[in-house]
Amino acid sequence: SQSLPRIRSPIMSREKLRFFTLSFLLILSPALCRFVVEKNNLKVTSPDSIKGIYECAIGNFGVPQYGGTLVGTVAYPKSNQKACKSYNDFDISFKSKPGGLPTFVLIDRGGSILPFAQLDCFFTLKAWIAQQAGAAAILVADNKAEPLITMDTPEEDKSDADYLQNITIPSALITKSLGDSIKSALSGGDMVNMKLDWTESVPHPDERVEYELWTNSNDQCGKKCDTQIEFLKNFKGAAQILEKGGHTQFTPHYITWYCPEAFTLSKQCKSQCINHGRYCAPDPEQDFTKGYDGKDVVVQNLRQACVYRVMNETGKPWVWWDYVTDFAIRCPMKDKKYTKECADEIIKSLDIDLKKVDKCIGDPDADVENPVLKAEQESQIGKGARGDVTILPTLVVNNRQYRGKLEKGAVLKAMCSGFEESTEPAICLTEDLNTNECLENNGGCWQDKAANITACRDTFRGRLCECPTVQGVKFSGDGYTHCKASGALHCGINNGGCWRETRGSYTYSACVDDHSNGCKCPLGFKGDGVKSCEDVDECKEKKVCQCPECKCKNTWGSYECSCKNGLLYMREHDTCIGSNKVGTTKLSWSFLWFLIIAVGVAGLSGYAAYKYRIRRYMDAEIRGIMAQYMPLESQPNPRGPHMDI
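When you line the sequence shown up against mature numbering (1 follows the signal peptide of the UniProt record, and there is no 0), it's residues -33 to -1, 1 to 612, in that order.
No wet-lab data here; the hints were simulated from the structure. Even glycine gets a Cβ: it sits at the ideal position worked out from N, Cα and C. Wrong hints could be hidden among the right ones.
Stated by the list, open to error - Straight-line C-alpha distance at most 27 Å; calculated BS3-like pairs for lysine-lysine: (1) Lys283 to Lys341; (2) Lys375 to Lys301; (3) Lys6 to Lys162; (4) Lys451 to Lys441; (5) Lys10 to Lys150; (6) Lys52 to Lys111; (7) Lys441 to Lys498.
As the list claims (entries may be wrong) - Derived DEER-like restraints, expressed as beta-carbon distance ranges: (8) Gly567 to Pro489: 42 to 52 Å; (9) Asp173 to Gly494: 43 to 53 Å; (10) Asp58 to Ile348: 46 to 56 Å; (11) Gly429 to Asp480: 33 to 43 Å; (12) Asp173 to Glu308: 41 to 51 Å.
Model the full assembly from the supplied sequences, consistent with the hints where possible.
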């Protein structure tokens, strides 16, 4: 399999070879690992002979259209059918003509094999050659009957592998039987149309995405390490925005394996493992005699895992992204700074508790289990729909392994497809990631252009036609053909969809601002209340101003009625009255006011008399009481003029 690591050193001691072989067998043996091939659906729409839905394996390169679909027509060229050479050499182009469907190129798996050399026609090379010829996607037909496998990138240290990061088209591996059926249909003159569907490749149960990144602190593993470091730097900002907003739950992981018990005391095992062979990593340079050892990588991986744990406990797990990117920049192996001292400086600069991190790391030389690394080994084993993690780096989104280029835009597409539709954060609806279907023909949804209101709601997966709620007013309807404002205050939104007209200083509306949903022409008008309300000519219809002395004149929305011979018109009685009646009325009012004033004066007089009598009574009572205790000046002294009291 092209996804398996290969040993490239031409000269290797038997001791080294035995150690590497046993180590790789431990992690990659099918008997011990359960590798799950991530798939998407392929729907053949024509011809009828092969119409149906088929499974295909997503390639681990390019940009799969997670959450979306891609429709195209299949081409199988007569020459260069394995796509190992440029199609320009055969004067073949797959560029679509204006108005035509995109082209999916069917390519045969395989290539030439030279003595003592690897395959010279990798899956990625096939994709790159087809992309340069204008293909929108490639379908690789397996060359033998077997279960689907994952197409992976070639080994990292290929000097000509720079094209890998430039592959942008999606790829899929199909079974030999499906490939043969497509070839047979094409050879018979049929057009083969199909749709590649990634809408269900990532589960999307709710408004939060849970994702993991299986990574490595080793920066000397070639092109893949460089790509991984660039991804961490570029994705950091988006990851921290999503995490701080509560939209995602991120967990970093690190792959380790244990040394076979028979080799735990060997020089190789001691240099590549910690905790007496329990947790190991391959030598960064694949040379035990120089540079850093595998155990250095294990310790740094453990330190990164502990930084995450410590910051997660403080409620700031996103600081992990700051630490790993700073470590990659400031502590590279090539500068011989891949050390604890360099790591500690970064930890302090980010205000991370160094004592807690060191306690989490523990003693790498102790013959005990490390709880963090033990948990990492257990997490590496697949559960449910997710298989064992065997490829580095590996991204897992909602318990499904991501397949495709490790690049910010491609990864964000996969993550955004993991949100329940209509719950995506704003970052998922940017032009770089999403095509706003509401911009073209309003997505086929209802809209009110006058009020600038639409039922079209853009989502990452497409669009929804849902009647909106605007300024607290809810619209109801099917969202496609009609939406109508309802409830209180609905007249404030485009007048509730009802008729409204202004003439001069007068404005009339058929909308009633209450909980009623209909439109009703106001008094003085008639019509449906929606499109029109016409003025009622009250004079012509003889509904008002009908007394013998009345003279009627129609106005917009109302009428004017006057009386002949100086009479006065009473609107409430629709009659005219004379001046004597007016005089009588005035007299009646004058008498009424006189009566009111008289009653008021009488009341005030009675109140004043009452107050006066009360006061006199109180004065008499007080004088009587005082007379019992002291003589008044007007009374003679009973003891005589010469007696003192």
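Cross-check of the supplied hints:
no.	hint	result
1	Lys283 to Lys341	holds (24 Å)
2	Lys375 to Lys301	holds (26 Å)
3	Lys6 to Lys162	holds (14 Å)
4	Lys451 to Lys441	holds (8 Å)
5	Lys10 to Lys150	holds (16 Å)
6	Lys52 to Lys111	holds (22 Å)
7	Lys441 to Lys498	holds (21 Å)
8	Gly567 to Pro489: 42 to 52 Å	holds (45 Å)
9	Asp173 to Gly494: 43 to 53 Å	holds (49 Å)
10	Asp58 to Ile348: 46 to 56 Å	holds (51 Å)
11	Gly429 to Asp480: 33 to 43 Å	holds (36 Å)
12	Asp173 to Glu308: 41 to 51 Å	holds (44 Å)
Violation of the numbered hints given earlier is absent; every hint is satisfied by the structure.
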